[in-house]
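Note that the working numbering has the sequence shown beginning at 154, numbered continuously upward.
Hints are supplied without guarantee of correctness; some may be wrong.
[What the hints assert, rightly or not] Here are the simulated EDC-like cross-link-like pairs (lysine to aspartate or glutamate), alpha carbons at most 16 Å apart as the crow flies:
hint: 1; residue 1: 424; residue 2: 203
hint: 2; residue 1: 467; residue 2: 479
hint: 3; residue 1: 417; residue 2: 388
hint: 4; residue 1: 424; residue 2: 414
hint: 5; residue 1: 495; residue 2: 439
hint: 6; residue 1: 336; residue 2: 175
hint: 7; residue 1: 500; residue 2: 439
hint: 8; residue 1: 354; residue 2: 343
hint: 9; residue 1: 355; residue 2: 388
hint: 10; residue 1: 181; residue 2: 523
hint: 11; residue 1: 354; residue 2: 439
hint: 12; residue 1: 487; residue 2: 384
hint: 13; residue 1: 486; residue 2: 439
hint: 14; residue 1: 417; residue 2: 350
hint: 15; residue 1: 519; residue 2: 182
hint: 16; residue 1: 467; residue 2: 289
In case anyone wonders, no lab produced these hints; they're calculated from the structure.
Just so you know, these numbers come straight off a predicted model, no measurement behind them.
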Amino acid sequence: MRKICVITGTRAEFGLLRLLIELIAKDKDLQLQLIATGMHLSPEFGYTLDEIIAAGFTVDRKVECLLSSDTSVGVSKTIALAISGFADALESLQPDLMVVLGDRTEILGAVIAAGMANVPIAHLQGGETTEGAYDEAIRHSITKFSHLHFTSTEAYRKRVIQLGEQPNTVFNVGAIGLDAVKKLKLLNREEFEKSIDFKLKKRNVLITYHPVTLEKEVPIETFENILTALDELTDTALIFTHANSDKNGRVINKMITEYVETHKDKAIAFKSLGQLRYLSALQFVDFVIGNSSSGILEVPAFHIPTINIGDRQKGRICNDSVINSDNSLKDIKKSITFALDKTFREKIQRQELLYGNGTAAEKILKTIKEQNHISLKKSFYNIDN
154 MRKICVITGT RAEFGLLRLL IELIAKDKDL QLQLIATGMH LSPEFGYTLD EIIAAGFTVD
214 RKVECLLSSD TSVGVSKTIA LAISGFADAL ESLQPDLMVV LGDRTEILGA VIAAGMANVP
274 IAHLQGGETT EGAYDEAIRH SITKFSHLHF TSTEAYRKRV IQLGEQPNTV FNVGAIGLDA
334 VKKLKLLNRE EFEKSIDFKL KKRNVLITYH PVTLEKEVPI ETFENILTAL DELTDTALIF
394 THANSDKNGR VINKMITEYV ETHKDKAIAF KSLGQLRYLS ALQFVDFVIG NSSSGILEVP
454 AFHIPTINIG DRQKGRICND SVINSDNSLK DIKKSITFAL DKTFREKIQR QELLYGNGTA
514 AEKILKTIKE QNHISLKKSF YNIDN
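Based on the sequences and whatever the hints tell you, model everything.
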């Protein structure tokens with residue numbers, strides 16, 4: 154049996170990978186290996202390892218690497234710890250293929266260790282651009298370490314090939330997050346309210362804002378502008394999810410905690426909503442605001458507006474429902490008004506979804522099974538040929 158090792162470091166990433174993990178676990182020709190790392194192992198970020206275990210999965214190794222620091226030094230040391238920890242884990246597990254998603258720092262550490270250990274790598278969602286974050290460089294670096302590539306659009310497939318990867322190793326399967334949107338049985342309104350112990354209002358908003366890591370300034374003013382603009386909405390419930398462990402993420406989380414403490418009548422915050430509650434929430438909110446990739450990839454499937462603030466996701470292909478706003482209070486207010494406009498909301502009910510049809514996991518599994526012999530030696534593909 155081929156040993157397929159899946160790496161997960163965050164609550165959101167596990168939610169995206171979950172259906173693929175299930176398919177691998179059920180396949181009689183494959184043996185699932187699961188490594189948890191990063192925020193999964195941190196009480197500060199919800200210790201979401203419990204969510205993986207509660208879902209019925211066995212975690213084969215835990216790689217501790219996340220420091221209690223969100224400075225540039227702390228992030229760099231996290232990568233170093235990840236390389237060391239994954240070197241030991243991979244030596245023990247001896248996988249035939251490692252599966253990773255995205256652009257997280259701990260994933261970079263994992264692929265460096267795999268590269269040195271001659272472990273083939275399959276990378277999901279390469280070729281995307283996020284000009285406001287160091288994720289951009291990390292993602293493309295992971296692409297160059299990887300041997301199989303599963304992109305979320307044809308444009309991203311072409312970009313991976315532009316990076317020198319052979320076309321027959323690059324597959325456009327769509328965004329894997331849409332698989333859960335299509336297949337998961339979501340909570341109804343009453344079930345959702347009970348699950349968060351909070352009563353929704355006439356209008357509801359979901360907020361997820363992460364630091365913009367290529368900017369020197371801590372984004373305090375931007376997040377204050379978001380809070381000020383949302384304060385002007387009447388009879389509106391605000392559901393916050395915490396920022397991740399990126400540089401300066403703890404600053405945002407402190408601001409969320411302080412805001413909720415003084416606005417308990419209308420605001421609630423979670424270290425992790427988890428996939429089921431997060432996707433269920435999208436049925437009942439009027440719009441999503443912040444700068445999370447989920448606002449670009451998964452939220453449009455619910456035909457509700459996303460207000461995408463600043464440069465963190467700059468460069469991604471966007472559906473019509475995504476409203477791009479700068480960091481100013483004036484533009485954020487303008488974007489909220491537009492998101493609530495009846496004509497705009499009616500228009501996006503008919504929008505074409507750009508990230509696939511929710512069948513990515515099956516396509517990825519099929520391709521992995523077909524690729525029995527993966528050469529570690531890669532020839533650079535010149536697009537002028």
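key: Hint consistency between residue 467 and residue 479 [alpha-carbon to alpha-carbon, up to 16 Å]   = Since the Cα atoms of residue 467 and residue 479 sit roughly 11 Å apart, the hinted pair holds (cutoff 16 Å).
ask   = Straight-line Cα separation of residue 487 and residue 384 no greater than 16 Å?
value = holds, 14 Å
ask   = For the pair supplied as a hint, residue 486 and residue 439, is the alpha-carbon distance within the 16 Å limit?
value = holds, 15 Å
inquiry  = Run the distance test for residue 500 versus residue 439: straight-line Cα separation, threshold 16 Å.
reply    = Judged against 16 Å, a Cα distance of about 15 Å means the pair holds.
Given hint residue 388 paired with residue 355 - CA-CA distance at most 16 Å = holds, 6 Å
ask   = Is residue 354 within 16 Å of residue 343, Cα to Cα?
value = Judged against 16 Å, a Cα distance of about 12 Å means the pair holds.
inquiry  = Run the distance test for residue 495 versus residue 439: straight-line Cα separation, threshold 16 Å.
reply    = holds, 11 Å
task = Decide if the proposed pair is consistent with the structure: residue 467 and residue 289, CA atoms, cutoff 16 Å inclusive.
result = holds, 10 Å
task = Starting from residue 417, check that the Cα of residue 350 is at most 16 Å away, please.
result = Distance ~12 Å between residue 417 and residue 350 Cα, so the pair holds.
query = Are the Cα positions of residue 519 and residue 182 separated by 16 Å at most?
reply = holds, 12 Å
ask   = Keeping to a limit of 16 Å between CA atoms, is the pair of residue 181 and residue 523 held or broken?
value = holds, 14 Å
Restraint check for residue 336 with residue 175, where alpha carbons must lie at most 16 Å apart = holds, 13 Å
Violation of the numbered hints given earlier is absent; every hint is satisfied by the structure.
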